[in-house]
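Novice: Sequence:
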Amino acid sequence: MESTMKEMRDGASVLDFDSKSTVEGGVEDVYGEDRATEDQLVTPWTISVASGYCLLRDPRHNKGLAFTEKERDAHYLRGLLPPAVISQQLQEKKLMNSIRQYEVPLQKYVAMMELEERNERLFYKLLIDNVEELLPVVYTPTVGEACQKYGSIFRRPQGLYISLKEKGKILEVLKNWPERSIQVIVVTDGERILGLGDLGCQGMGIPVGKLALYTALGGIRPSACLPITVDVGTNNEQLLKDEFYIGLRQRRATGQEYAELLDEFMSAVKQNYGEKVLIQFEDFANHNAFELLAKYGTTHLVFNDDIQGTASVVLAGVVAALKLIGGTLAEHRFLFLGAGEAGTGIAELIALEISKQTKAPVEETRKKICLVDSKGLIVSSRKDSLQHFKKPWAHEHEPVNNLLDAVKVIKPTILIGSSGVGRTFTKEVIEAMASFNEKPLILALSNPTSQSECTAEEAYTWSKGRAIFASGSPFDPFEYNGKVFVPGQANNAYIFPGFGLGLVISGAIRVHDDMLLAACK
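For the sequence shown, full-length UniProt numbering begins at 1 and goes up steadily by one.
Take the hints with a grain of salt, since some may be wrong.
What the hints assert, rightly or not - Only pairs whose alpha carbons sit at most 30 angstroms apart, straight line, appear in this in silico DSSO-like list of lysine-lysine:
(1) K175 x K323
(2) K391 x K295
(3) K323 x K295
(4) K276 x K169
(5) K323 x K408
(6) K383 x K439
Said to hold, decoys possible - Label pairs and their calculated CB-CB ranges:
(7) K169 x E364: 42 to 52 angstroms
(8) G376 x D129: 42 to 52 angstroms
(9) G498 x E69: 48 to 58 angstroms
Derived from the structure by calculation, the hints contain no laboratory data. In this text, a Cβ means the ideal position worked out from N, Cα and C, and glycines have one as well.
Go ahead and model the full structure; you've got the sequences and the hints to work with.
Specialist: This is the structure in structure tokens:
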């Protein structure tokens, strides 16, 4: 018994939590098992984990049939499991076969979430080893439908819910979360979930999905991640009437009431977890997203994935595409459909990079970039009525009422869609782009797939196979005139896990534009 306890104590040191042990590589490292051998207990956490049946019901530590003979003896699991010892690899094979039997993506999503609820390590092994296949399941586009139906498929809470009911007690609520050493928080208020609008409390699927990728793609331990939904109500009448809706049944709070709740939340997070905790804002409406980033960007380690993450991955994609279309950034003309968080965020980062390359003032480089919103081209004559984040893009130009006319007048070499409105890159728009560009760069970034500005098939067909195309959600390869085109994917998932990882291991306390530009490379 003394020998067993010594092994347990030795193993427990694997989970000493500091900035170096927070992130490693692969499932084994994430769970602190990379140094295990057959001669020692391979569960270094056993000193603080219940044994027997309770252990099997603990998703973080349950290994299912992968518990070894020695582990079954040490943790009183004899008789609670079938006698066969089945490796994690074989369990993975079985589960992937099972998931592939589902034809409906939402069924695959539910199956993955159920797996996470009973065997977290196996969930991440599946996701890490099959990331290309499962990324569209746990993230966009399927997570959008999951959020829409979250009340119906809800089984077990996967994060913290902070509502107006908790005003004045948010610090106490944070302390209810069992993990103390949190290093990444993804928080949403559910007002602008993907391109689907206000989903209120059901937006929790987004923080859960994002943090799954922080572990699978960034290597940050699940125990260091915390998904949070701030529930201030919803203006979605359908949800308010839905008997299965899980959030506050009231209209969305605004103004001072909203600001005070968020301010208390941000203060409580810093007080409870320290100033090095990364707070990622996710799917806030435009009017709040920019304000929150500006307000807390100088006092907290905050990152808005919709503004900054999207900008980084798109700039990286554009720079890569220059190898195909030629020229430098400064030699191209950019036209955006959509002037919200994503559109203005991408435009600003492109302008900053051009400024860095050419040494020209950013006020000058912005003139190479035009934006179209719901009222047409953003021009100086509209400046008085524009939201503050659109004003830098109000150039001297005659008013243009629609995208097609803007394309014909501006003749962009690069067309970027971030409008959240599907099928807005019409045949006429793509044909116009192809008429004055040998290789037009078309980026249809809106998520989920139903909201994409055009499909890969449409872009390739209407441009007669000359377009360079990428989208926010995945599209299958498409054959045109005997040639197979593989669409690119400019999705935030390719940037935020690594960017967040860099912030965590560097001990950063603020996010700066130079960090975003470095991430693009």
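Novice: Does the Cβ distance between G376 and D129 fall inside 42 to 52 angstroms?
Specialist: With Cβ atoms ~48 angstroms apart, the hint holds.
Novice: Would you mind confirming whether the straight-line C-alpha gap from K323 to K408 stays at or under 30 angstroms?
Specialist: holds, 25 angstroms
Novice: Take a quick look at whether K175 and K323 sit within 30 angstroms of each other, Cα to Cα.
Specialist: violated, 51 angstroms
Novice: Does K323 pair with K295 here, judged by a C-alpha cut-off of 30 angstroms?
Specialist: violated, 38 angstroms
Novice: Does the alpha-carbon distance linking K276 and K169 stay inside the 30 angstroms limit?
Specialist: holds, 22 angstroms
Novice: Range hint 48 to 58 angstroms: satisfied by the CB atoms of G498 and E69?
Specialist: Violated - the Cβ-Cβ distance for G498 and E69, about 39 angstroms, lies outside 48 to 58 angstroms.
Novice: Are K391 and K295 close enough, with their CA atoms no more than 30 angstroms apart?
Specialist: It holds: about 19 angstroms lies between the C-alpha atoms, which stays within 30 angstroms.
Novice: Hey, K383 versus K439, does the alpha-carbon distance stay inside 30 angstroms?
Specialist: violated, 33 angstroms
Novice: Between K169 and E364, is the Cβ distance one that fits in 42 to 52 angstroms?
Specialist: holds, 50 angstroms
This entry does not satisfy hints 1, 3, 6, 9, going by the numbered hints stated previously.
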